[in-house]
Amino acid sequence: MAESLLAVRGLSKHFVSGNETVPVIEKLSFTLGQGQSLALTGRSGSGKSTLLNLLCGLELADAGTIVLQGQVFETGAKIARQKAMKWSSLRRQQIGVVFQEANLMPALTLLENVQFRAQLAGRSTASSQDWLTRLDIGALAQRYPDQVSGGQRQRAALAMVFAMEPALILADEPTGSLDRHTADEVTQVLFDLQARYGCGLILATHDAELAAGCQQHLDLGHLSSL
Amino acid sequence: MKGLPSLLASFSLPGALFSHYRRHPLQLLALAVMIVLATMLWTGVNHLTSQARASLNQSEQAVAERQQVVRDDGQMLAVDDFVALRLVGVCVMPWLEVTPETGNRLVGIDPLAAYCFGSRNRPSPALDQPLNGKPFLDMGVATAIKSRDSRLYLLTPDTTQTADLPGGYQLTSFSTSPDTGELGDSFLLNLEALGILVLLITALLLRSVYLLGLVQRRDSFALLHRFGVSPDRVQRWLVFEILALALMCVVPGVGLGRWLAAGLGGGFGQALDGLFDIPLYAGQGQGWAMPVLVMLAVVVIACLGDLLLLRFRERLSLILPKTVYSGLAALLLVAGLAMAWLAPSLPWVFIAVALVFAGAGWLAPYAVARIARWCAGRSTKPLALWRYRELAVLARRLTLPLVALQFALAMVLAVQALVTTFEDTFDRWLGQRLEAAYYIEVPAGADGRQAAEWLTRQQTNTPGLQWHRVMRGQAQVTGTDNANNPQVDVFAVAPVGALIRSWSLLEAADQHWEALDSGSGVMINEQLARRQNLSVGNNLKLRLGNQQRVMPIQGIYPDYGRPVGEILLSAETLPDSFNVRFESFSVTPGKPGIAQMTDALQGIWQVEALSMRDNGTIRELATSVFDQTFALTRAMTLLTLILAAAALLMMGWVFFSTRAWYFRLLVAWGMSQRQVAGQLLRLALLLTGGIAVLALPLGIWLTWVLVHRINPLAFGWTLPMAVYPAFWFELGMLSLAVGLSIAALMRRQLGRPAVAPVSASALTGGER
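Chains as they are written, first to last, in this note's numbering: chain A, 1 to 226; chain B, 1001 to 1768.
Because the hints were derived from the structure by calculation, they are not lab data. Only a predicted model underlies this, so the values are computations on that prediction, with no experimental measurement involved. Ideal Cβ placement from N, Cα and C applies to all residues, glycine included. There's no promise every hint is true.
Covered stretches of chain A (in silico footprint by chain B; criterion: 3 or more residues with CB under 8 Å from a CB of chain B, positions within the stretch not fixed) [as the list claims (entries may be wrong)]:
| no. | segment |
| --- | --- |
| 1 | 85-91 |
| 2 | 109-118 |
So the derived list for chain A, only partly shown, Cβ under 8 Å to chain B, looks like this [to be verified]:
| no. | residue |
| --- | --- |
| 3 | Leu58 |
| 4 | Val97 |
| 5 | Met105 |
| 6 | Ala139 |
Chain B with its partners taken away, still in its complex shape (with noise of 0.2 Å):
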């Protein structure tokens, strides 16, 4: 018998727990829905990085370089050709292009063909794919449509050498678009670390709506313990209780993330095969349990983390005053800025970010409550003084909302930084990368010289013509600190024209052009300055061919799509001996048009067809990709910013009810409801334009972080840094706007009559 009352204590203690829920199911309601929500966001934000991280690498491979076979008399490739390289054990598989009269590019390709790459060597990925298609079909389908215009490939292996052809052949690269590189790794690593920056900030939202409903529960703890029930059973209960909430929200949570990401994940996915004409978009490959697992251990340590290190804290608070937290927090940021200065590698930048948002998230919040009360200081008017005062209380009750604003405020601001300088990056690159209109590949066996002679004498009575020649090989760099004298690619151009000279260097000295035209220098790329801590007016030992030669650096140019040292040169002052290998011809052909230059070059090459890429064409496709990417990344932070901004309004309602008496005191002193709602506004507006201030900072040093320390450690190349003030104005008037809505709220709580407070610290000022 004597287990039976026990049995009932049991079954009563968790009735009188969550008797709160039943008085305020509002409150277990706005748990819940954040709960859900933030695991959606979170989900959401990190499915699709995942997802668009694998539909990147599928189309870096998709159209990564291969290797080609190629006739040397310039001539294109026929089924003979095909038949007598495999005759002679030459792997190679045709890859027929098809420009049907309606429609989109095609390929045919023959996957039995392809079964001498072996399984760790496919010629592509692609051909994983069902030939539906979309854009590959089988090579027999391929050959009967009727086309506007078809071309024969034969790839080979990267394994196949020159010796291993018969005569009359020769190997090239193949690539059917151009590489975006690191462009994009780069972009995708900066998401990766704000996807953990928009999960520090929905655990902080969770934190603040639990402890408000634990706030309000202390006084049933506090009787419970009057009534003997030991405060170990209590915390034994409450884990039970969000253990058992965040089951129920955190797997709708991800389901509803998984469904916005796949529902924003379409247009990329698009976007994607527009550029790659491959089906690319990865879907929804990741699984459940991951998602499932970090929501419910961010929920349990957001709302539990007190009762987990209680013991820790108590010990804490006992050694250490008040004043020695902001110091604390004032040392982790100092720390943290200077770390991330002098951070030599990826890691300790991130560990850097943390301690920078660690204590700027601490001091931001005291550092409201201090400036307020500065203000009060100087305050002549009692008025004044009460606002600034009260103030400084609301910064203090409301700062795990407030720093989670203040933290997405910044992540926003950064993104939008982040996302813009990339658009606005990738839009140079591409321009300058495909500034001409035409990429034009010199026939093997064929000699540029005599198409570039031709190219000369057009020049004169052709307006609008635009061309270089550009000559690709490689080069030794020699007498650097670095033992290995590194291998650089080389491109040498000729002449250096309007299509090379609207390039933008990072750095460059005095007449640049024209030193570079008349071979009196260099230029590099950013990625071998940094490696070789190299600048413009430094000498730069070169192997070029038999040559040594030391040459002065004129500028160095950024290039995102390429990891390796590259070296800009005029191809009038290449020796001899240089290994040219490969060749090709950028042009505008101006007023004529492209077809009488094809047909000129096709006769001067004789060749039927030229190997030729429209680069206007490539670059719309390849932007399209990266507008969508960018418009998902910007989504997907205004949202996170939403809901930062919605549990602000949640908890600024919350806790302005609970001072609701004293704005009720101000009309019993005499001021009319209109004038107490004027003081409210203030009170929110500055409130929330503070925290709006501070997140300013925050959210240009995390651009400076992504770009300028991030990109450099993890890819060798900076960004561009770039401010917007008129986004800084937007994320101004968003914060202001929260401060109006709980205004808002508070003015129609002000008509209706108010409560003393009742609990004992209420009672005695103990909000002060």
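In isolation and in its complexed conformation, chain A is listed as follows (with noise of 0.2 Å):
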């Protein structure tokens, strides 16, 4: 087992819908190591999105401990500014999430978001468009996002993670608003560019061929634990 990038421990979320309150997430544990890939999948509805804002300090757990790159977050306690401080520093910099959709800032070119995120995370803005040829969009540098395809916003989207060169790498169905084709070349270039790179990632997903790419598999709709 490689070196633990992530470790999760008992952790607990629900949601009050009226007076009812419904559990999302419970008793959860799992880790993940460094380069790892893990594939969560589940109906919708059973948590996969909940997770991974939980992973990046969006949401706040019940209960339980999260441990990322060595940094333990007791999730228990309401949280204090430092670790809210904290998880903000590590989505800047260590943590790269890519939604389904609407990633960037529509109101700058896709070599302006690259730069960005680049930017935010510290690290050089240099090779914003060297990761945009990269991920084959090179030519689009200049245009705005609605100047662009779906699929092609997602590869901009997946260069802005690289840039900002993570640690981990958190896709909620980064491929479901797209068709069968151009899924499977983004996803082709995400799994490359991840093993390439070696950092971890968890991608949320339905999609029973995409999970097979990665090396563990979490169903949320049927284990409580890994």
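Using the hints, put the two standalone chains together into the complex.
Structure, rendered in structure tokens:
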């Protein structure tokens, strides 16, 4: 087993709907090694997106512990400002998040989006154009998001993530809005680059084929722990 | 049976269309509230303006100069005089002014005696009021009152000639107060112009709120279109929807506006009553139909103008690229500015104002967006770049509420400057005209020269005594381009002392007062200067009595009370042939007090009482009327500003909410919520601050138009143009407060989970 990048222990999260408490994640535990990939599957509402949000600090767990790159987040208690700052710092520099859509700022060109993300992470913006080129959209660098196709936008989103040189990529249905052919192309690029640069990847998807490309698999519909 | 599905469909279509408001009841409420508030505001301003105009018209009629009969020997009139005049067939009406030992002045009248005036020539509209002691009462009651002072006047119609009078009597003018004249008219004209601006602003606000809902319903319309519902049918239902809503909201809005105007107008009425001792405020005279119809039209045009002009717009946008629109807006702006400068008449000035506002309103959001893009182009930091690009998007997307705020700010700025200018001018003008503590009429038949000699003797040993004698008559200006050789009023003054020398002049030569005093020059009022195109240094050719004179113009003075041309000269230079129609003294008695002076003058003129006015009291009362009007004007414009600010706040909040995903994206990318809130704050402040900066030149220009273009064209005189940077600062702070409020509302939203954009336009980044 590779050195641990992420360890999750006893993670629980529930939502309140009216007077009813709906458990979404219950006592979930798993680990992810450096450079490894994990597929999160499960039907809609099974908690895939919620888990990704918990893993990057966008939402707070009700109970459990997350250890990311040696930093421990006790999430049972109300999060302190210092913890929030730590999560922000991790998201800025170590965690790349890719959503199903709308990953780009509409008022910036593709290149400016990549530069923006790299600068936020404290990385050099010099290689931004290279990243776009590596993702086969170098010629579209000066275009705005509404001037390119959905697949090209997702490639740009991946370029943004890799330009920040993350330790962990959290991808929430990154090909959900794409056609099969484009989705395959984008997925291939994602796996290639993840393998080449050795960052961890957690991929939430409905797609069994896509999930099969990952080294580990966590089905939130059937398993409570791995 | 074929009709049933169609009937069902016709019921299900409105159901589907209106389901938007079932899901977004607050949006419907916002639209309804906006219609009610806009209607209330405009109705309030309009109602107040028309009431103020009616009131001032009545007051002018009440205090307008009329004719009275006086005795040649200067003695006070008595009942015997009334009898004597009526016996020879002269129409006179007794007017008995009584000052009770406690309380205000009362006027006893005999309405029966006034019948000879005829219905078209009533002695006073005040006589139409009930004789209830406020202040009019029946002559019999007035004579029975225990009073400190009383005096009988005999008023006579304008048609009465001196020749009609028996021996021992003559005609002279009669007035109860100074005439505020055109200053009031001018103010009301400007107020009406601003009322139109309020209507425009409310229309913009309505449109912005309505379009916001329409944009959110676009997907539903598209779906209905795919289901086979024709756009025409959808549009018909939309017309029905807005008309129904307008009908429900406009009527209560008009009611609220009238209530607002009545509440605010009460104080105005009291002030008028106090000034003229007559119940003058016109109250609730205006009907409901006109404001309801106007506001219905405004709502329909503001909300559905696009539908009505859809085809035209489509054709226009096919022909013209976007840049041409900015060019067209700039052209409108430049044309409006030029037209305002050169306009020969009022309608052209109003058209020019409309053009400038259209151009400025069209350009302002694009200007903010362009400046933001320029700043973005110079930014080296991607975060700053993003912020400026986002600002450009906001400026374009919030065009209507931003323009409404810009117009409201400009209007408030102009109104503030106008009102303050009017206040200053009015104070100064009253101060000039009422510089002396007392105004004393020389009794008919008495010689003013004897009194002048007595006052000259007193001057040396009475500290604080200031006075001058005024002889009024007429002269003819000759040798002008105007073939009519106009008649002008002559005010011959002597001595030219401190009471006159404190006058502020629009233009003057060196040593002008000395030149006037020595008789080597004249001064003229602004009206005469403008009409005859005269300026300081020109020679004025005059026929004074039977003499032809050429006198250099030493100064031009403002005169807001009278439309006629006027000349001020030294009484020492008057020829003997000059017909003195009226003579008076302006006196500040100094230490001994007025009682000693009146005793002396009564002795000189051999009269029992003097016709005398306490200028201080008149000034105080006159000021109170205008203060009240100015306060009302400020209150109404402030309400407009608050409405515009609230609309921008609402629209800003809603639109920022549509961008919430992207702000949350920043959080996902590692910025803390506090940092994102900081970016939000900077964006909101840049937006509202930017629009305030753009409103500033528009407001200053509007002030200039009001005082330097509309007034001269309407009345022949200008007001001094003043600017008030402290007030600009206050408005700037208010704009920033709106920005702060938007940011504060959005910060709360940042704490909640954001939903990814769902519309096709948003997904493709179409909000760029």
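How the hints compare with the structure:
With 5 residues having a beta carbon nearer than 8 Å to a beta carbon of chain B, the segment 85-91 of chain A meets the requirement of three or more and the stated coverage holds. Three residues within the 8 Å Cβ limit are the bar, and the segment 109-118 of chain A against chain B gives 4, so the coverage statement holds. Interface restraint check: Leu58/A against chain B, minimum CB-CB distance 6 Å, threshold 8 Å, status holds. A least Cβ separation of about 5 Å between Val97/A and chain B falls short of the 8 Å threshold, and the interface hint therefore holds.
With a cut of 8 Å, the hint placing Met105/A at the interface with chain B holds, because the nearest CB-to-CB distance is about 6 Å. Restraint check, Ala139/A versus chain B: the minimum CB separation of about 18 Å is more than 8 Å; hint violated.
Violated hint for the displayed structure: number 6, the only one.
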